Every structure is written in C-alpha cells, then in structure tokens.
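Undergrad: One letter stands for each residue in the lines below.
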Amino acid sequence: MSRPVHIITLVKWVPDAQLERRFTEQRRLDRSEGILGELDEHPIEAALQLRESLPERSVRVSALTVGPAGASTALKKALQLGADEAFHLADDALAGADIFATSAAAAAAVQKIFETAEFDADEPAEQLILTGMSSEDGESGAVPAQLAERLGVPALTQATELSLTTGHLVVARISGDVQQRLDVRLPAVVSVTDQANDPRYPNFKAIMAAKKKPVTTWALTDLGVAASAVTSRVEVLTAAARPPRTSGQIITDEGDAGAKIVDYLVKERLL
Amino acid sequence: MTNVLVFFDRLDEELSGAQRELLSLAGRIGAVHVVTGADPQVVPQPLSVKGIHDIYTGTGLIEPPDAALADLLETALAESHADVVLGADTPDAVDALARLAVRAETGLITSATDISPDLVVTKQVLAGAYTTTSQVTGEGPLIVTLKPNSVESVVVPGHPQEVTSLPVGPSQQTEVLASEQLPSTGRPPLTEARVVVAAGRGIDGDLSLIEELADELGAAIGASRAATDAGWIDHSAQVGQTGVTVSPQLYISVGISGAIQQKAGMQTSGTIVAINKDEDAPVFEIADFGVVGDLNEVLPQMIEEIRRRRS
Numbered sequence: 000m001s002r003p004v005h006i007i008t009l010v011k012w013v014p015d016a017q018l019e020r021r022f023t024e025q026r027r028l029d030r031s032e033g034i035l036g037e038l039d040e041h042p043i044e045a046a047l048q049l050r051e052s053l054p055e056r057s058v059r060v061s062a063l064t065v066g067p068a069g070a071s072t073a074l075k076k077a078l079q080l081g082a083d084e085a086f087h088l089a090d091d092a093l094a095g096a097d098i099f100a101t102s103a104a105a106a107a108a109v110q111k112i113f114e115t116a117e118f119d120a121d122e123p124a125e126q127l128i129l130t131g132m133s134s135e136d137g138e139s140g141a142v143p144a145q146l147a148e149r150l151g152v153p154a155l156t157q158a159t160e161l162s163l164t165t166g167h168l169v170v171a172r173i174s175g176d177v178q179q180r181l182d183v184r185l186p187a188v189v190s191v192t193d194q195a196n197d198p199r200y201p202n203f204k205a206i207m208a209a210k211k212k213p214v215t216t217w218a219l220t221d222l223g224v225a226a227s228a229v230t231s232r233v234e235v236l237t238a239a240a241r242p243p244r245t246s247g248q249i250i251t252d253e254g255d256a257g258a259k260i261v262d263y264l265v266k267e268r269l270l
Numbered sequence: 000m001t002n003v004l005v006f007f008d009r010l011d012e013e014l015s016g017a018q019r020e021l022l023s024l025a026g027r028i029g030a031v032h033v034v035t036g037a038d039p040q041v042v043p044q045p046l047s048v049k050g051i052h053d054i055y056t057g058t059g060l061i062e063p064p065d066a067a068l069a070d071l072l073e074t075a076l077a078e079s080h081a082d083v084v085l086g087a088d089t090p091d092a093v094d095a096l097a098r099l100a101v102r103a104e105t106g107l108i109t110s111a112t113d114i115s116p117d118l119v120v121t122k123q124v125l126a127g128a129y130t131t132t133s134q135v136t137g138e139g140p141l142i143v144t145l146k147p148n149s150v151e152s153v154v155v156p157g158h159p160q161e162v163t164s165l166p167v168g169p170s171q172q173t174e175v176l177a178s179e180q181l182p183s184t185g186r187p188p189l190t191e192a193r194v195v196v197a198a199g200r201g202i203d204g205d206l207s208l209i210e211e212l213a214d215e216l217g218a219a220i221g222a223s224r225a226a227t228d229a230g231w232i233d234h235s236a237q238v239g240q241t242g243v244t245v246s247p248q249l250y251i252s253v254g255i256s257g258a259i260q261q262k263a264g265m266q267t268s269g270t271i272v273a274i275n276k277d278e279d280a281p282v283f284e285i286a287d288f289g290v291v292g293d294l295n296e297v298l299p300q301m302i303e304e305i306r307r308r309r310s
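Going line by line, the protein sequences match chains A and B.
According to numbering that gives the first Met the number 0, the first sequence is numbered sequentially starting from 0.
According to numbering that gives the first Met the number 0, the second sequence is numbered sequentially starting from 0.
No wet-lab data here; the hints were simulated from the structure.
Everything numeric in this text was worked out from a predicted model, so none of it was measured.
For glycine and all other residues, C-beta sits at the position ideal for the given N, C-alpha and C.
It is possible that part of the hints are untrue.
Chain B is faced by these chain A residues, among others (derived, beta-carbon under 10 Å) [said to hold, decoys possible]:
no.	residue
1	LEU18
2	GLU122
3	MET132
4	ILE206
5	ALA239
Residues on chain B that point at chain A, a partial pick, calculated with CB under 8 Å [unchecked claim]:
no.	residue
6	LEU107
7	ALA128
8	SER133
9	THR136
10	GLY137
11	VAL162
12	THR163
13	THR173
14	PHE288
15	ILE305
Given the sequences, and given the hints that come with them, work out the whole structure.
TA: And the structure:
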C-alpha cells in the first residue's frame, strides 16, 4: 500500500481589501471583520488538485489558521472549498504578532497536527505544507521561509506549478529572471502564487458537507508553547493614514491632448 | 560605528538600480559589507565601487532557493558584526533573510522605503493607505528589505576588491531539474522602473502603441488584471492587489478603469497620468493629469510630440 499524503494549508483571515482598512489606537490592524484571503484560496486549490492527481493514494488536506475568534470563518470557507478538517490557533498573546511570532506559532501548530494525525496505513504519511504567496494585509511573503526554517525543511516559494510523485515534489518558480524547475523531497513548505491555479467555487453540496467536518481550536498552552516564545521582534512606533491621492487636472481630448500630456510631463520635469 | 551587511540574492555583470539603492542606503547608515551567493569569480567586477569594506561569498555559487544562503548570511553576519542586514525586496532575498531572522532571533521588516540613522524603518502598508515607522526589539540585528525607487542612488565607481570566501557551500536539499533564462524584453524590470506604462481593457488586445510609448520613455510595461486575464500581456506584468506593487516616478495608465484592485498596486507612484475614454473611470480620482479620450488618437500624438521635442 502506498504512503498516505498529509497536506496542511495555511490560511489567514484578513480585512477585506475592497473595503477601508485601518489601524487601531494600539497601532495594530483593525481585525474586527475579515474574509479568507483571496491569495489563500490558491494553496487550498493546489492541495485539492494534488489529491485529485493521486486517486490511488490517501490524501488528507488540513487547513490551519492562526488568528482571533473571527478567523473561524476563514476555516469554514476552506472546508467548503474541500479541506477535510480545520485547526484554529487562537490566543490573545498572538494579537499583533509579527512575522517572527506568527511563524513560531504556526510551526508549533503544524508540528502538533502532523504528530497527532492518524492514518490507516503501515507507513507514515508524506508531509507537505502549502501557503499563499503572501498575506493580503502583512504582504511580507516571509512566513513560509520562516516556517520552513523552524521545521528544518526546504522552502520553495512563489510556485506556479507543482506535482507530486512518491516522496518527491516538483515545483516551477521564477527566481529573478530565471525560470526554475526544482525537485525536492518531502517534507517541505511551498508557497503558491495566484497564477498556480483557478480556485473552485464551493457548490451547495460542498457547503452542506463542510458543516460536518471537524474543527479543532487550540490555545498556545494546548501546544505546550509559552507566550514568551511567540513575542514579536518588531515594534510599530507610528501608523499614520496617508493623505488620499486627489484628482489633478482632467481634460477632455479636443485633438491636442497628446501634446498637452507632454507639456505637463515637461513642466513636471518628468521628460 | 554602525555596520551594515548588504545581501545580494543575485549578481549580474552590472548592479541593478535596486542594488545601487541598497549600497547607497547602507553607506548612509554605516560601514558597508556585502555578501552574495554569486560565483566568487564574477563578484569583483560589478562590485567595483567605493565604500565597500568587505565582500563575502561562499566557496562557490549558492543559488536561491537553497537554504544554504541563510548559512552564508549567518556566517557573514558573525564576520561583519553587522547591526543591520539589508536586502532587495525580492522573494529570493526575503526567503534567505527570513531564515536568518529566525536564527538571529530578530525582527524582519520587508518593503521598507527608508531607514533612519537611529535605525527606525519607514514603510507603506495596506497598499499605501498607511505609513508606519517601526524598529526591532531586543539585541539582534535589524533585518530589512528595501522597496525599489525608495532612496537616491549615489554609487561611485572604484577598483575591484578582494573577495573573502567563507566556508559555506551549496546544500543538496533541492535538485535543480531545469534553469532557463527568461527572454529579455530589453525593458527595465517592472518593480524597479522609473517609468511604467500600464495597459488595460481599453487597448483591446493591441499592444503596439503601448510598446512604442514604453520604448520612447525607457519604461517598463504593466497591465491591469483584465489585460492579463485576457492573455494580451503576461501575468507577471499585472499591477495590483494580487500582482506587483510598483512605485515609479511616473505611472501612465492607459485604458484602465482603475478599480481598487489595480489602484492598490500603483497609488504610491510619484505622478500618475491617466488616459481613458470613460470620464467616470475611477482612475481619474487619483490621476495628477487625466485625459478623457481615445487612446488610439492620444498616444500617437503623444509619441510624436516626445520625438519632436527630443530632436
């Protein structure tokens, strides 16, 4: 019997970028409302496609989020899209967590999920962690590499294609001006771009099925992690709303607009 | 004296604009040391500039995404006693510096636009809606990636220098099956360009005028999601929330309505010029100079006028 595959997808509950986003007086992002980050639908889709590409193997997809209570809605969406189970690490000590703290918390949760997972197989499962290319609020894209560092595994970020054969993952990514095709042994952390796939829409059946899927909620103590182990290393001193851009001079073309643009660029010393 | 270690995740025959900015900012903060995974043989030429104290490499070429780059960084950090480690705002640099931050138990700040002498970092967040200042807490070094087009470039040519080869080599964790140079467009990289000409739905699949204007201005070509989804322009050129964020001196938006998704990727540009046939297009709300008109009439005149003035 071939080895099972266990994929953990990291998802984040983020303030909707289509709406106004703001900082609180504590210089933290206002997280009172949110959605599953659009970029985080891609790793879920990638996991589902890997499962569909391996019909002869048992593939489990677990969704993990680190975030406040409201983040459970992001997990719900992940389950509707097709994840099998969900894990939610919520702890007040993680409010305002930076990259360092987020990756420490996520690494502890990933280890716990892998350690406690049971499979009906003789051999241990192959392990893969999939993430989006970056969160839509922090936008650093640095968590996947930090997670990989903490887990002691390779990180292949910004993947545009991936395929899995026994023990090996093949990933396409762009490095500078070079298109790379890489082969890595699992376990590994892989972040996928929004070009990797087109996420599916959950149908009614999937939405109903999601309600029966297990969701496990943890605090840091459940993972044996002290709050001091997840302290942020970056302190935000000030957060100021930038004055919104305003409209300048708008003209309607009367046959001379091309020349007028050039006049403007010369005046502004941009030519 | 503050020591700054500059990390180059790649090194070509000439320094890129973004790399010059890194050296300029580092020089303003303190003594500059450079570390790169590039081949030690090819390193001295592009790094023949004044003000670099040390240049560190591995025993040979170490290429991203090899985690050995973090080993190299860790060793160079110890050698240079750096207070600040500075890299480009590229995924490859972020990956290596992110690992270094875990090892050094310190903070990482990406996409910075400036660092003050007392090591306070300025950056734009939430797609340019906010400006924050921040610093690292604790004893570890400050690790930062710098957004291109952020600082003035002052790099003075100098003589080739000696390279210190540190005892770090590539790991075997990842096997490179293929590595192909992407075709060169002859245009500057989108995120580093001083001028960007961006095309949207309005071009209706015809890129000829966009390319002509971009070549006239030495500009990079960007695109809205509509234009990349339609297959007219490669996805890598997509400017916006889910694509590339650009901050050029001049952004020329052509036939793009300018929905929030697109605005998020370009609203920190120096000057925005917009051409759109719809006077209600949201892009006009943020344009410094806007033309309501047919791009097929406005662009040829604009190109001709630029040529006329230059001749």
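Undergrad: Look at each hint and say if it fits the structure.
TA: Evaluation of the provided hints:
| no. | hint | in the structure |
| --- | --- | --- |
| 1 | LEU18 | 9 Å, holds |
| 2 | GLU122 | 22 Å, violated |
| 3 | MET132 | 8 Å, holds |
| 4 | ILE206 | 25 Å, violated |
| 5 | ALA239 | 5 Å, holds |
| 6 | LEU107 | 5 Å, holds |
| 7 | ALA128 | 6 Å, holds |
| 8 | SER133 | 5 Å, holds |
| 9 | THR136 | 5 Å, holds |
| 10 | GLY137 | 6 Å, holds |
| 11 | VAL162 | 21 Å, violated |
| 12 | THR163 | 24 Å, violated |
| 13 | THR173 | 5 Å, holds |
| 14 | PHE288 | 5 Å, holds |
| 15 | ILE305 | 6 Å, holds |
In terms of the numbered hints stated before, the structure departs from hints 2, 4, 11, 12, listed from lowest to highest.
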